[in-house]
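Student: The residues making up each chain are set out below.
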Amino acid sequence: MADKNLPTDGRFTRLFDHFKREWQIYAMLLPTIVWFIVFLYKPMYGLQIAFKDYSIFRGVAGSPWIGIEHFQTLFGNDQFLRAVSNTIKISALNLLFGFPAPIILALMFNEILHATYKRTAQTIVYLPHFISSVIIAGIVITAFSPTLGIVNIILGWFGLDSIYFLTQPQWFRPIFVGTGIWQEAGFGSIVFLAAIAGVNPSLYESAVVDGANRWQMMWKITIPSILPTILIMLIIRIGNVMEVSFELVILLYQPATYETADVVNTWIYRQGLQSGQYDLAAAGGLFNAVVAFVLVMTANTLSRRFSRTSLW
Amino acid sequence: MSGVNLSGIVKSYGAVQVVHGIDLDVAEKEFVVLVGPSGCGKSTTLRMIAGLEEITAGDLTIDDKRMNRIAPKDRDVAMVFQNYALYPHLNVADNMAFGLRIRKMPKAEIQTTIADVAEILGLTDYLERRPADLSGGQRQRVAMGRAIVRHPKVFLFDEPLSNLDAKLRTQMRAEIKRLHNRLGVTSVYVTHDQVEAMTLADRIVVMNDGRIEQIGTPMELFNDPANIFVAGFLGSPPMNMVNGVLTKNSAKIGATEVKLNGALANHVGREVVVGIRPEHVTLKASAKTSPLPITMDLVEPLGSEALLHARFGKQEMVFKAETKGDIAPLWNVDKVHVTTDLVKLFDAQTGQALNLRG
Amino acid sequence: MQNWNLYARGDKIFAIVVSILIGMFTVATLYPFIYIAAVSFSSGFAAQAGKVVLTPVDATLEAYGYIIKDPQFWISYRNTFIYTIGGTIMSLLFIIPGAYALSRRQLKGRRFFNLFIAFTMWFNAGLIPFFLNMRDLNLLDSMFGIILAFAVNAFNIILLRNFFEAIPQSFEEAARMDGANDFQVLWKVFVPLSKPAIATITLFCIVSRWNGFFWAMVLLQSEEKIPLKVFLRHTISNLSDDDEFAIVQTAAGFSAETVTAAIIVCSIIPVLIVYPFIQKYFEKGILLGGVKE
Chain A
1 MADKNLPTDG
11 RFTRLFDHFK
21 REWQIYAMLL
31 PTIVWFIVFL
41 YKPMYGLQIA
51 FKDYSIFRGV
61 AGSPWIGIEH
71 FQTLFGNDQF
81 LRAVSNTIKI
91 SALNLLFGFP
101 APIILALMFN
111 EILHATYKRT
121 AQTIVYLPHF
131 ISSVIIAGIV
141 ITAFSPTLGI
151 VNIILGWFGL
161 DSIYFLTQPQ
171 WFRPIFVGTG
181 IWQEAGFGSI
191 VFLAAIAGVN
201 PSLYESAVVD
211 GANRWQMMWK
221 ITIPSILPTI
231 LIMLIIRIGN
241 VMEVSFELVI
251 LLYQPATYET
261 ADVVNTWIYR
271 QGLQSGQYDL
281 AAAGGLFNAV
291 VAFVLVMTAN
301 TLSRRFSRTS
311 LW
Chain B
313 MSGVNLSGIV
323 KSYGAVQVVH
333 GIDLDVAEKE
343 FVVLVGPSGC
353 GKSTTLRMIA
363 GLEEITAGDL
373 TIDDKRMNRI
383 APKDRDVAMV
393 FQNYALYPHL
403 NVADNMAFGL
413 RIRKMPKAEI
423 QTTIADVAEI
433 LGLTDYLERR
443 PADLSGGQRQ
453 RVAMGRAIVR
463 HPKVFLFDEP
473 LSNLDAKLRT
483 QMRAEIKRLH
493 NRLGVTSVYV
503 THDQVEAMTL
513 ADRIVVMNDG
523 RIEQIGTPME
533 LFNDPANIFV
543 AGFLGSPPMN
553 MVNGVLTKNS
563 AKIGATEVKL
573 NGALANHVGR
583 EVVVGIRPEH
593 VTLKASAKTS
603 PLPITMDLVE
613 PLGSEALLHA
623 RFGKQEMVFK
633 AETKGDIAPL
643 WNVDKVHVTT
653 DLVKLFDAQT
663 GQALNLRG
Chain C
671 MQNWNLYARG
681 DKIFAIVVSI
691 LIGMFTVATL
701 YPFIYIAAVS
711 FSSGFAAQAG
721 KVVLTPVDAT
731 LEAYGYIIKD
741 PQFWISYRNT
751 FIYTIGGTIM
761 SLLFIIPGAY
771 ALSRRQLKGR
781 RFFNLFIAFT
791 MWFNAGLIPF
801 FLNMRDLNLL
811 DSMFGIILAF
821 AVNAFNIILL
831 RNFFEAIPQS
841 FEEAARMDGA
851 NDFQVLWKVF
861 VPLSKPAIAT
871 ITLFCIVSRW
881 NGFFWAMVLL
891 QSEEKIPLKV
901 FLRHTISNLS
911 DDDEFAIVQT
921 AAGFSAETVT
931 AAIIVCSIIP
941 VLIVYPFIQK
951 YFEKGILLGG
961 VKE
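Residue numbers (my numbering), protein chains in the order written: chain A, 1 to 312; chain B, 313 to 670; chain C, 671 to 963.
Be a bit skeptical, because a hint or two may be false.
[Unchecked claim] Calculated cross-link-like contacts (lysine to aspartate or glutamate; reagent style EDC-like; alpha-carbon spacing at most 16 angstroms): (1) K600/B x E583/B; (2) K778/C x D386/B; (3) K89/A x E259/A; (4) K20/A x D386/B; (5) K632/B x E612/B; (6) K858/C x E340/B; (7) K20/A x E366/B; (8) K385/B x D806/C; (9) K341/B x E365/B; (10) K560/B x D536/B; (11) K377/B x D388/B; (12) K42/A x E835/C; (13) K778/C x D17/A; (14) K571/B x D505/B; (15) K385/B x E259/A; (16) K465/B x D536/B; (17) K778/C x E22/A; (18) K865/C x E843/C; (19) K465/B x E583/B.
It should be emphasised that the hints constitute simulated quantities derived from the structure, not laboratory data.
Remember, it's a predicted structure, so these values are computed and weren't measured experimentally.
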C-alpha cells in the first residue's frame, strides 16, 4: 500500500477541495443571485419608506423616520379602504364564477368523442390567454361602446336603449369578471384535463360493465378523482385573493367607475406613480404584500397537506 | 502493488455511517464482483472508487496512486451504469465518442477507435441509430462501448444487467466475461444477483450492512462459506438452515440425528445451525448419508430435476432431486438422505462457520 | 372506453348536448376577434353607425392605411420585437445556468438559495419600491433596463430546476467520468435533454415579453422606445379625445375605433402565426409548472 499512512483528509481540506472542484456551479448561480438581490431584494429594503417621510432628494436611507403615520393615514383614507374592499369583492366574484368555469369546461371536453372537434375547440379556447391585456381591453372597449359596440347593437335588436357600460359603476365588475372568464377559462382547463387524463381507465370500464351512464360516471368517478386537483387549485386561488389583475383594471376603469373598480394596486399606482406620494403608496403596498404573504403561506401549508394525492 | 486497493474505506452521510471500513485489493486484470443485498454498501463502495462519492475516511489507490481527492475524470476509470445513461439526443457513435471529444482526442483517432470497438461489440451496423431505436441488449453494448473506447485502467460496473430480461441477462453475462478475457482490464462489478457474481467473478466480495462478510473465489465461497449470511446468500435455492445441538457424532435436530464425521467429543451440547444445501441430498441411502424424515408439500418440476418443497417438523425446506422423466414418484418421498460430508455447521450465537471435523 | 357505437341512447344525447355547449363557448371565444377584424375593415362611418356585426361593412383598408403611415407604429412594432427577442435571450442566459446550479446536490447552501428564490414568489415589495429602485439604478426610460429588469422570475427557474432534478443522476455522472466539467455537462447533456422544458420557458418568456405593457408604460417616456402595446394604449386613449382627428377621420373613411381595431389585428397576427406551433409546448409546460418549493 503506497501511502497508507497518510492522515484522513480534514474538514477544511475537503471544503477547499469542494470549491476548487465545484466552482463552476457557483459561477453559474452567481448572476441569478445578484439579479435577485438587485431587482427583488433591494426593493424590499426600499419598503422602509413606508415608515419614512420620503423625499426623492434624500433617498431611501436619508429620509427621516416617522413611524406608522402613513398607516394611520391609510386606514383613515376612504379611497384606500374602498380599494381594499373592491379588491376582495372582485376576487370573491372571480372565485365564485371564474373558478368553476375551467372545471366545467374540462369535464365537458372529456365528454367529447370527436377528436378533431375537441382539438379545434381546445385550440380556440386556449387562445385568449396569450393575448395582451391591452388588446383585451381594446376589444372590450370596442364591444361595449355605446355607438358601435356589438353589445349595444344586440340590445337595440330587442328595442332596448343603448347603455354606456364602461361609465357605469354597477356594470364594471360583471364586465371585468366576465372578461376574465372569457380569457382564462379555456387555458385554466388544461390542468383539470390533465388530472382527468390521469384517472385509471379501468375505473370507467368497470363502471360501464356495472351499467353506469356517462353522467353518473362524471359524478361518481371523474369528479371524485380530480377532487385533490380542484382543492389545490382552489387553495392557490384563495392565496392570491389580493392579486386582481390590475393591468386590466387600469385599462378598463375611469374616474366614473372608481367606486366599484378601484383596487389596491390601482390605488397605489395613482397615488405613487401618478401623484408622487411614494411613501404613502409604499405603505399601501406593504399592507397588500403582507396580507398576500399571509394568505399565500396559509394556502401553501394547506395545499401541502393535500398534495400527497395530487398532481403537484 | 498495482490494481485497485481500498484500505479502511469509510463512508458517512452526516452522522450515519453506511460503509464501515472496507479493505480490498483488486489485482491487475482481476474481475472482482461485489455482491450483497440492496443497501449493503456495495454501490456506494463502487461509486467511491469512481469518484462519484467522497471518501469519508480511508485510502483508495489505483496503480499505487492515492485517488481520494482526484476528480473522477482523472482517475482513468470508466463506468457502466445500471440505466446505461446513454444520451438520447446522440446516436450510438456520438455516445461512444462523447468522452473522447471532451478529452480532445483527434477526430481521425476517434473514428478508428469507435470503429474498432463497434466491431468488437457487433455494433457496426447501428452506429447511426439513436438509443431509443435500440434493443435492451444493444443499449447495454453501447454502454460498455462507451467505457471501452476510453481504454481505462479500471472498468466499473454498477448492476449493468438488472434492466434486462432473464434470457438476455444470461447472454450479456457471457459477453461481459468474454470481453474481459479478451481485454484483460481490471474490473469491479456490483450486483445483487448471486448467479451473476458466481459466473463472472475471479473473486467475489460478499457485503452486508456496510461490511465485507467474505472474499474468495466463487467455489471457495460456495464450498466454505464463512458464516450463515454468506451461506444463505450464495446458491439457489438457498441453503436450508435449521437449529440443532451437537452430540458426539451427530447434530441432533428435534428428534432426528444427522450423522456427522469428525471429532465432536469436545463440543457435545453446543448449539449450532445446521446448513444443508438443496443439492446435497439423495433419495437413496448409502454409507455416506444420514436420513431426514420429511413431509412433502409441493413438487416443482424444472425438467431434468425438480424442487421438492417439504417440511421437516415445522421447518420448511427445499431440496433438489432428479426427475428421471416423471415427477409423480417424488410426491411419495417421505425421507431424504443427507450427504454427511457436505453438511455445514455454524455457531448458533455468532453465525460463524464451525470447522470441527478438521 | 369511449366508443360511440357502444354508447346507450341517453349517453349519446348527453354527448351531443355537451358538444353543442362546447361549440357555443368556442364561438363565443372566437367571436370578439372576428368582430374586431370586421370593424377594422369597415368604414369609420359604418362602424360609428353600429352596422358592423360579423363582416366588414363598406369594406375599406383606410384604417390600415392610416396606421402604416404612422412612423410611430413601425417604431413600436420594431421595439416589441427587440424586447421580445432580447428579453427572452436575457432570460435564458440567467435561468438555464441558475436552474442547473440549484438542481445540483453538491451545491452547498442549496436549500437556502432555493428558499431565497422561492421567497420572491410569496413576498413582493410592490410597485413603488420597484419603481424607485429602477430610478436609483438609472434604468428609467432605458430599453436595456426593461430587458434586464424582467429577465428572471422565480417560477421559471423553479420549473426548470425541477426538470433538471428529474434527469437521472447517472447522465451527469457518466459525463463527469468522461471528463466533462459543469459547463459541458449543462451544455452537452442537460440542455439537449431538457428541450421540452426549455421550449416551454422560452414560450413563457416570449408571451410575457410580447404582451408586456404596464412597466413599459410606467418606465419608458421616449416615444422611440415604447413597444406596440403602449402605442396601442396611447392610440385608444388619445384618438377618441382628439377633436381634430374626429374631423379628419369622417372625411377619410376611418374612425378612432376602426384604427384601434386595426392596430389590435396587427398585433395579434404574429401571435396567431406562431400559436399552432407552440400549443404542444404550453400544454406540457403548464404541467411542468407544478412548483415544489
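Student: Next step is simple, just say for each hint if it's right about the structure.
Tutor: Quick rundown of the hints versus the structure:
1. A distance of roughly 24 angstroms separates the Cα atoms of K600/B and E583/B; the hinted pair therefore is violated under the 16 angstroms criterion.
2. Restraint check for K778/C and D386/B: not satisfied, since their Cα atoms lie roughly 23 angstroms apart, outside the 16 angstroms limit.
3. The hinted pair formed by K89/A and E259/A meets the criterion: a straight-line CA distance of about 12 angstroms does not exceed 16 angstroms.
4. This hinted pair checks out: K20/A and D386/B have alpha carbons roughly 15 angstroms apart, not beyond 16 angstroms.
5. Between the alpha carbons of K632/B and E612/B the distance comes to roughly 10 angstroms, so the proposed pair stays at or under 16 angstroms and holds.
6. Note on K858/C and E340/B: the hinted pairing is violated, with a Cα-Cα distance of about 34 angstroms set against a maximum of 16 angstroms.
7. Under the criterion of a C-alpha separation no larger than 16 angstroms, the hint pairing K20/A with E366/B is consistent with the structure, at around 14 angstroms.
8. At most 16 angstroms may separate the alpha-carbon atoms for a hinted pair to count; K385/B and D806/C exceed this at roughly 47 angstroms.
9. At most 16 angstroms may separate the alpha-carbon atoms for a hinted pair to count; K341/B and E365/B exceed this at roughly 24 angstroms.
10. Taking the CA atoms of K560/B and D536/B, the gap is near 23 angstroms; set against the 16 angstroms cutoff, the hint is violated.
11. Note on K377/B and D388/B: the hinted pairing holds, with a Cα-Cα distance of about 11 angstroms set against a maximum of 16 angstroms.
12. Of the pairs offered as hints, the one joining K42/A and E835/C is violated, with about 29 angstroms between alpha carbons and a cut-off of 16 angstroms exceeded.
13. Our distance criterion of 16 angstroms between C-alpha atoms is met by K778/C and D17/A, whose separation comes to about 13 angstroms.
14. Restraint check for K571/B and D505/B: not satisfied, since their Cα atoms lie roughly 33 angstroms apart, outside the 16 angstroms limit.
15. A threshold of 16 angstroms between alpha carbons decides the hint, and for K385/B with E259/A the separation of about 69 angstroms lies outside it, so the pair is violated.
16. A distance of roughly 32 angstroms separates the Cα atoms of K465/B and D536/B; the hinted pair therefore is violated under the 16 angstroms criterion.
17. A distance of roughly 10 angstroms separates the Cα atoms of K778/C and E22/A; the hinted pair therefore holds under the 16 angstroms criterion.
18. Of the pairs offered as hints, the one joining K865/C and E843/C is violated, with about 20 angstroms between alpha carbons and a cut-off of 16 angstroms exceeded.
19. As the CA atoms of K465/B and E583/B are separated by approximately 49 angstroms, the hinted pair breaks the 16 angstroms bound.
In the structure shown, a violation is registered for the earlier hints numbered 1, 2, 6, 8, 9, 10, 12, 14, 15, 16, 18, 19, in ascending order.
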